[in-house]
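**Student:** The chain contents come next:
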Amino acid sequence: MISGYRRNEIIGHNCRFLQADDRDQPERAILAESISKGVECKVEIRNYRKNGDLFWNELFMAPVRDEKGAISHFIGVQNDVTERKKTEHDLRQQKLLMEQKIVERTSALKESEAFLTSIIETMREGLLVLDPNFVVLSANYHFLRTFKVNLEDTLGKNLYALGNNQWDIPQLKELLVKILPTNNPVVDFEVEHDFPHIGKKLMLLNAYRVELEGQFKDQILLAIEDITEKREIERRKDDFLSIASHELKTPLTTIKGFMQVLERSVPKDASEKFLSTLSKVSTNVDRLNNLIGELLDVSKIQTGNITLHKANFDFDKMVMDAVDAMQASTNTHKIIVQGKTNAVVEADESHIIQVLNNLLSNAVKYAPEGGNILIEINNVSEYVKLSVKDDGLGMNAEDAKRVFERFYRSSEIQKHFPGMGIGLYICDQIIKNHKGTLWVESEKGKGSTFSFTLPKGGSDDE
Amino acid sequence: MNRKKILICDDDAGIMDLMEIILDEQGYHVIAEMDSLKVKLLIEKECPDLVVLDLWMPVLSGDMILQTIRGMPTFKNLPVVAVSASNDGRKIAMAAGATAFVAKPFDIDHLLEVIARPLDYC
Chain A
16 MISGYRRNEI IGHNCRFLQA DDRDQPERAI LAESISKGVE CKVEIRNYRK NGDLFWNELF
76 MAPVRDEKGA ISHFIGVQND VTERKKTEHD LRQQKLLMEQ KIVERTSALK ESEAFLTSII
136 ETMREGLLVL DPNFVVLSAN YHFLRTFKVN LEDTLGKNLY ALGNNQWDIP QLKELLVKIL
196 PTNNPVVDFE VEHDFPHIGK KLMLLNAYRV ELEGQFKDQI LLAIEDITEK REIERRKDDF
256 LSIASHELKT PLTTIKGFMQ VLERSVPKDA SEKFLSTLSK VSTNVDRLNN LIGELLDVSK
316 IQTGNITLHK ANFDFDKMVM DAVDAMQAST NTHKIIVQGK TNAVVEADES HIIQVLNNLL
376 SNAVKYAPEG GNILIEINNV SEYVKLSVKD DGLGMNAEDA KRVFERFYRS SEIQKHFPGM
436 GIGLYICDQI IKNHKGTLWV ESEKGKGSTF SFTLPKGGSD DE
Chain B
40 MNRKKILICD DDAGIMDLME IILDEQGYHV IAEMDSLKVK LLIEKECPDL VVLDLWMPVL
100 SGDMILQTIR GMPTFKNLPV VAVSASNDGR KIAMAAGATA FVAKPFDIDH LLEVIARPLD
160 YC
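Quick note, the sequences are listed as chains A and B, same order. For the record, in the first sequence the residue sitting at position 452 is 467 according to our numbering, with numbers rising by one throughout. For the record, in the second sequence the residue sitting at position 78 is 117 according to our numbering, with numbers rising by one throughout.
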């Protein structure tokens, strides 16, 4: 029935016809051996139905003995296990596939781990991984190099015990014990410490505690940047700039003073040319003085060393005074003030005056044809707002976007109006330091409007 | 009229020259000294009505001289106008006990005004 043969096609035939031409199956040897030894056996052998279809035959064969114990014949029980065989085969295939995938994944993981390790080892910042009890699990090359230690003396040790307790730093403990658990991650925490062998180091610490559930939970990543040298370079640059500015200002004082002496002693019959020459020299001495001051400002802004001396002042009066002073120095432009704030502002008045003067002198400078400069002041909720509008050259969108960048000069502007490109950068930084905003609206050929807002109450970061 | 005596001290010859000219023009009696170490003795000897003192000088800085002056009972109220081209000049001058501070480069009218102010009260 299984085989599709009829009874009379089977009885009296050797059952080998069931294997058709598939004669090399090792199971046949097992069958032959069982027959010769007269023992039972069980094989799974490929058989073929009458129509040629393969089926897996689970053949159980056992000898049948007569009364004397001699083998009279063998009995075979056949069972079609094609389905099971197929399932087994599929399973094996699946397993193979899985194994192959695992090999691939493992190698990808290894690659990725090697990649991460190479990143960690290459970066120029010390990195420690600590367990929740501050025992060092790993330390990268830069850490070892910066702090002149080797891996054996570092791994598995408590952070505070490293190198004769040289990491037992109160500020660091505070960071790891108090700040990190409540304020995860900790960004740019500055620590200064005098190490016994390598000397005083200024370090910037960034720390992160792994919150993710799993084997890495509560491990601590501690990145240590050595900024000792960087800070020293900044300090030297500041020193250099302040010395340079002092040295430049000294002869400038003499030039300016003697210019004034000259102006006082101008003969009554002096020519127009003489007077205008004198006034031009004087203007440029002041310009030079401003440039020196600005350079110093830029350096201070860059190193974050600007100190704000905040006090309450009358905003409208400050504006009027600055406008009067500027109006006195130009007769080609008319400066008109519109609006009123009646506000008392808490800010560094000298800085705000510096911004306003810069915006006003730009308005004069970039409207060489003369004309009106319109100043509008008003209140915008908790802020005062001031706009300076000129009918000057204006600028294209690209320039408007970049005009507050340090040393940015539009190439076209630079041809006609040389400058260093730091005035508006300083203005922007000053307004930012006061938590206000400075922006420009402009169209080429139609003038520009520079506006800033300033919080009346001052910023609350002091 | 009794001419007021002003002692000026700055390590820069150009500035000394300038100040001598403008103060002299105003009718002051000017004593000029470029050596910071001699200032204290000169004050004791000349008893000036006012001192114009540069802050940034070699050997003895202006603020050190100023502190010395303030420690001398006779001169603890002597008007001293500090001048400097350094940015933190005002802070240093006031901390050391200056009567007034003028930043370099100065406007000479402003400097003369600051000098005249304490002298008017004398």
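These are computed hints drawn from the structure, not numbers from a lab. Keep in mind that a hint or two might mislead.
Distance ranges between label pairs, derived from CB positions [what the hints assert, rightly or not]:
| id | chain 1 | residue 1 | chain 2 | residue 2 | range |
| --- | --- | --- | --- | --- | --- |
| 1 | A | E136 | B | D50 | 34 to 42 Å |
| 2 | A | S344 | B | D74 | 34 to 42 Å |
| 3 | B | L99 | A | K461 | 58 to 66 Å |
Backbone N, C-alpha and C fix where the C-beta goes; we use that ideal spot for every residue, glycine too.
**Student:** Within 58 to 66 Å: is that where the Cβ-Cβ distance between L99 (chain B) and K461 (chain A) falls?
**Tutor:** holds, 60 Å
**Student:** Could you see if the CB distance from S344 (chain A) to D74 (chain B) stays within 34 to 42 Å?
**Tutor:** holds, 41 Å
**Student:** In this structure, is the beta-carbon distance linking E136 (chain A) and D50 (chain B) contained in 34 to 42 Å?
**Tutor:** 55 Å Cβ-Cβ, so the 34 to 42 Å window is violated.
In this structure, the one hint that does not hold is number 1.
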